[in-house]
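Those protein sequence lines, which keep their order, are chains A, B and C.
If you count by our numbering, then the first sequence holds residues 1 to 264, one letter each, in order.
If you count by our numbering, then the second sequence holds residues 1 to 264, one letter each, in order.
If you count by our numbering, then the third sequence holds residues 1 to 264, one letter each, in order.
Be careful, since some hints might not be right.
One copy or two, it doesn't matter: identical chains are merged, so the pair holds either way.
[To be verified] Derived lysine to aspartate or glutamate pairs resembling EDC-like cross-links, with alpha carbons at most 20 Å apart:
| # | residue 1 | residue 2 |
| --- | --- | --- |
| 1 | K15 | E43 |
| 2 | K204 | E214 |
| 3 | K78 | E225 |
| 4 | K15 | E250 |
In short, the hints are calculated from the structure, not lab data.
These figures come from a predicted structure and were not determined experimentally.
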Amino acid sequence: MSGRVITLLTDFGMKDPYVAEMKGVILNIYPQANIIDITHQVEKYNVIQGAFILASAAKYFPKGTIHVVVIDPGVGTKRKAIIIESKRYFFVGPDNGVLTMAAKMDGIRRIIEISAENYLGDRFSLTFHGRDIFAPVAAYLAKGVKIEELGEEIDRIVEVKLPEPQIKGERIFGIIIYVDSFGNIITNISKEHLQKIGVERRLKATMRGEKSLELKICRAYGEVEKGEFLAIIDSFNLLEISMNQGNAAEKLKVKSGEKIEITI
Amino acid sequence: MSGRVITLLTDFGMKDPYVAEMKGVILNIYPQANIIDITHQVEKYNVIQGAFILASAAKYFPKGTIHVVVIDPGVGTKRKAIIIESKRYFFVGPDNGVLTMAAKMDGIRRIIEISAENYLGDRFSLTFHGRDIFAPVAAYLAKGVKIEELGEEIDRIVEVKLPEPQIKGERIFGIIIYVDSFGNIITNISKEHLQKIGVERRLKATMRGEKSLELKICRAYGEVEKGEFLAIIDSFNLLEISMNQGNAAEKLKVKSGEKIEITI
Amino acid sequence: MSGRVITLLTDFGMKDPYVAEMKGVILNIYPQANIIDITHQVEKYNVIQGAFILASAAKYFPKGTIHVVVIDPGVGTKRKAIIIESKRYFFVGPDNGVLTMAAKMDGIRRIIEISAENYLGDRFSLTFHGRDIFAPVAAYLAKGVKIEELGEEIDRIVEVKLPEPQIKGERIFGIIIYVDSFGNIITNISKEHLQKIGVERRLKATMRGEKSLELKICRAYGEVEKGEFLAIIDSFNLLEISMNQGNAAEKLKVKSGEKIEITI
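With these hints in hand, go ahead and build the complete structure from the sequences.
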């Protein structure tokens, strides 16, 4: 496929026609589009989860990719519709922070508030901007329309940040930011945080006030026996708690948003 | 991508190899195909739900798109396999009504009963026409084979219709035709029905015999507070009952198929 | 689309960014790729289920398709990463048997142990070879890199086999190898096994020690009434127990891996 890549990331799920409607709209404007789903199973309205998944996945895509995100609890209110041009990508979606983390990682160049009546007309729903604004804007960008034709430059956007862990003496107080479908427990604690309290090859993790797990920091799941817990530094540079060939989160009954405490 | 768009809509779910088998068959015949999933999570054998989703999504696709639908409880029986040529599209699938609503909305031009032994051979399963008949027929259409080479014209097809609501005095007795993954409750009651009983900016909705909800008719979810119910006229021109940033259907414990009564 | 087809089959599910990361990596190396999902909902770590689904679906794809499979409980251990060149396809994935059944059905030509530092670099995670090894290898193959540049030829790979049913007198002792989302119960018992005990048009099936079902062997579900059980020989040449427009597995409360006994 030689057309531009457009990725879609939403909280729409897979059962309704909404994602397909966006794809139809895109293909009407730009038939060469190579549309790739990032996921449509972000928890409904969970902007920070969407931001994290976008930041994880976006960077693997080719230069010039247009990333469209529709996690949009404020659709139809005064929240802006924006395009962020970064070093390698365009990001299109609501100005609620969902785009910001990924765009900053790539290096923000310009931000545009969408106001493209000449392209979008003035008749669109106030409930589904994904189909009526973000999809067509992405398609026009892919087609080569200049970003400055699609709205006015602005200099401020909403940010969401992963909460920073607190370090007190030899303890790190962090949170679980994501649990994946394998049950890997992804925390907001980076390698650098661990180094600050002197963690080298082993650490202790406490969740839900239970007694602490002693964990080896591994590079591969197979370094411990099947069914045993381990710690890993992932490609996001964050601490993950996992189980070799098992579901750590289910076993420990923990969820995204909960606290985790790390000591040596 | 410059090839023809072929959409797929089935009740196959996402775990089995069946959708992929259809895609493989299509790409064997027509490698340029741009295959787009509408959804594969229609409730098993629910022809009317499939018809509604197709009618919602099909119209957003480019002229020349071939829509393939496999919700086919009667596979291998005497139900016909058909192609409907409409003003802008081709629809391919079983003659059980699943194609009719969308095709009529676009304007039916011709209906063909598929009997294309010269293209399909005479060896195909009686359990999976999606793979053995509908996918190859779609691919041949995309490739430019004339519709008349794929079967004989017929003049009657099965229809499914959304049940019409009953109006008695100042009451509309309707039903819930679809509940989406956000919990939006989509009814069979149109804007015109509402006007007949004099609804303007507010209405009362009664479901499950519970006490009635007083609802404002909004253009955007954000016109009410988070967690409050509202009414909306959707892009299908139908009345929806929703909750701002919440799941109305779950809260009200209602499902598709249930009754809803509207008064001023 | 005129680019090479690359299929993906994993146990990653649909909610995490992992599948999209693989797609991004592929499109970076080979932008023309026509990437098709087989499924991502194989049961976690279930190599034999993945092998069966691959063997079902792979053969429908065009010559030259590159099938990438990541069901990889041994990632980061000493299990090899391999490419199998078969008569019509390339298969890329871990050497744990998941590729073998499909590759053998097509006719294995060559097996390569991947060791492509010149293409992959020497920095990759030990937890996600799908993204860091298998996806780029598939993309380089699609781009035309010769298989021999990607590693050394080897002559042995891990095999997984469907367990063979036992025949004792007029009884076949088999197992359920897969239950699809329609509730069709797929066994390891072939048409030839049935012929050995003299089954012709009817058979008796016993599951879970319950009283046996008397079943007609049908070619179409509609040969029995709605809600009745039937037997069918599927396109894999295996015996399936189904229910017309109903869910046989749910009704019988059986799962993949359980025993089934067949008599005349």
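Where does the structure disagree with the numbered hints, that is, which hint numbers, in rising order?
none
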